[in-house]
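Protein chains in written order, with the numbering used here: chain P, 2 to 257; chain X, 2 to 257.
The hints are simulated quantities; they were obtained by calculation from the structure and are not laboratory data.
Note that beta-carbon positions come from the ideal geometry of N, C-alpha and C, so glycine has one too.
Errors might be hidden in some of the hints.
[Stated by the list, open to error] Distance windows between CB atoms, simulated:
(1) X:Glu214 / P:Lys199: 41 to 49 Å
(2) X:Leu89 / P:Arg200: 17 to 25 Å
(3) P:Lys42 / X:Arg200: 41 to 49 Å
(4) X:Ser218 / P:His231: 41 to 49 Å
(5) P:Arg58 / X:Thr31: 28 to 36 Å
Number of protein chains: 2
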Amino acid sequence: MANDRPLILVTNDDGIQAKGLRSLIEAVETFGDVVIVAPDKPQSGMGHAITVNNILRLNKSTLYPNYDAFTCTGTPVDCVKLAISQVLHRKPDVLVSGINHGENSASNVLYSGTMSAAVEGAMEDIPSIGFSLLDFDADADFSGSQWAVRKVMDKVLKNQFPKGMCLNVNIPQLPEGEIQGIKICRQAKAYWEDSFDKRQDQFGKPYYWLKGEFNRSDRSEDTDIWALDHGYVSIVPTQFDMTAYHAVSEINQWDI
Amino acid sequence: MANDRPLILVTNDDGIQAKGLRSLIEAVETFGDVVIVAPDKPQSGMGHAITVNNILRLNKSTLYPNYDAFTCTGTPVDCVKLAISQVLHRKPDVLVSGINHGENSASNVLYSGTMSAAVEGAMEDIPSIGFSLLDFDADADFSGSQWAVRKVMDKVLKNQFPKGMCLNVNIPQLPEGEIQGIKICRQAKAYWEDSFDKRQDQFGKPYYWLKGEFNRSDRSEDTDIWALDHGYVSIVPTQFDMTAYHAVSEINQWDI
Numbered sequence: 002m003a004n005d006r007p008l009i010l011v012t013n014d015d016g017i018q019a020k021g022l023r024s025l026i027e028a029v030e031t032f033g034d035v036v037i038v039a040p041d042k043p044q045s046g047m048g049h050a051i052t053v054n055n056i057l058r059l060n061k062s063t064l065y066p067n068y069d070a071f072t073c074t075g076t077p078v079d080c081v082k083l084a085i086s087q088v089l090h091r092k093p094d095v096l097v098s099g100i101n102h103g104e105n106s107a108s109n110v111l112y113s114g115t116m117s118a119a120v121e122g123a124m125e126d127i128p129s130i131g132f133s134l135l136d137f138d139a140d141a142d143f144s145g146s147q148w149a150v151r152k153v154m155d156k157v158l159k160n161q162f163p164k165g166m167c168l169n170v171n172i173p174q175l176p177e178g179e180i181q182g183i184k185i186c187r188q189a190k191a192y193w194e195d196s197f198d199k200r201q202d203q204f205g206k207p208y209y210w211l212k213g214e215f216n217r218s219d220r221s222e223d224t225d226i227w228a229l230d231h232g233y234v235s236i237v238p239t240q241f242d243m244t245a246y247h248a249v250s251e252i253n254q255w256d257i
Numbered sequence: 002m003a004n005d006r007p008l009i010l011v012t013n014d015d016g017i018q019a020k021g022l023r024s025l026i027e028a029v030e031t032f033g034d035v036v037i038v039a040p041d042k043p044q045s046g047m048g049h050a051i052t053v054n055n056i057l058r059l060n061k062s063t064l065y066p067n068y069d070a071f072t073c074t075g076t077p078v079d080c081v082k083l084a085i086s087q088v089l090h091r092k093p094d095v096l097v098s099g100i101n102h103g104e105n106s107a108s109n110v111l112y113s114g115t116m117s118a119a120v121e122g123a124m125e126d127i128p129s130i131g132f133s134l135l136d137f138d139a140d141a142d143f144s145g146s147q148w149a150v151r152k153v154m155d156k157v158l159k160n161q162f163p164k165g166m167c168l169n170v171n172i173p174q175l176p177e178g179e180i181q182g183i184k185i186c187r188q189a190k191a192y193w194e195d196s197f198d199k200r201q202d203q204f205g206k207p208y209y210w211l212k213g214e215f216n217r218s219d220r221s222e223d224t225d226i227w228a229l230d231h232g233y234v235s236i237v238p239t240q241f242d243m244t245a246y247h248a249v250s251e252i253n254q255w256d257i
């Protein structure tokens, strides 16, 4: 029998056990048929990494007995590729990734496994959305986020999704009633100021651990950071053509 | 005593032992003072991954006794961050990454650890260049590539480097005399058509290994793929603002 419900692929980078993933599934399940392929362990900060020099495993997950749910031993982008090729055997109608425990505004989009899964979906011409909550807590409250997910899903399914891009949705940690609205934004020019904890292990050998401070310097009104700082959900349409077109003519003048 | 020679940070994603790294060092060492921080093992396909949930080690490398050379246990982007923060204690004047064993044209830029190291440099406002040779062989001939590296380095040091971008340089596998020239290009809209080898291990359990075919479909004359197919070195100015500006007004019409 034919089924007109959209096929929704759900993934994330915090892993199958994350509360953010469960919250996302709850928010999207009324919109269509959900299939889950998520990493079997946390994969934060994996960016657009893929597993090329090793094998991948795909295992049925017992955490979601009512769904076709699988864990993958690889990265979020591996999950998307395996889901399309080996689980669905076709492209889903929508791909949603998240809800990430932590912000993916501004330049975080480059490091984010959540967003890289959505970018991979976009490269496959699938309407794709990454959702992130501004709260790293493993037990964060996702109720406001679920409101935002439903708002965005509704619009994505009712409109033509532009080619060559996905959506980067960041959600402030506010109850539904206090969220000011949803703003379409540009990626703020804001970066991490890196530092490392340098410590000695029990054998006296040094090791390093990345830390850093996120410099929220670019706060123009059209940025995702401005929107989030003012209680709005931010949506940045996110593409994967990284050409700096404005620089082509300048570099041509180098007469290389 | 003051030293006016530029400080050149060299990294890659194929690891400290790669012939491409040695070839790059040989090509740039006359331009300045070289410091090397490279992964201690192959890190191909790591994209913009960073190590957030684990420690990093930094070890003096014995492979390059005449240089300040270190291996890092992390990704190419980790190498850049550790180099600036813990090895150089300042930003280098130029960052070069590669020479990658294999092509990083078109959408490969997103998966490439070589290019992500250069993008990370750009985010730090360092003139940064990723070099890749269209030859995956571990013993590839890098002589034509070294000619291209010297040509590009010379121009980078003589000109103002535009802000907010790096250079993605791909080099055809040709002897120096047969390279047709150097072209400034855009990133071709060309993607991998993914598939997986599905096999059974010795215990009868399935495993998957990513393979795929690169679909060189977008061959317009302004693309990197066209340039490479016609014997030119391609240079794509590569930015990290992923906002799809052209889609902002369209999505605003969703009235979200």
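Hint by hint, here is what the structure shows:
no., hint, verdict
1, X:Glu214 / P:Lys199: 41 to 49 Å, "45 Å, holds"
2, X:Leu89 / P:Arg200: 17 to 25 Å, "20 Å, holds"
3, P:Lys42 / X:Arg200: 41 to 49 Å, "23 Å, violated"
4, X:Ser218 / P:His231: 41 to 49 Å, "43 Å, holds"
5, P:Arg58 / X:Thr31: 28 to 36 Å, "48 Å, violated"
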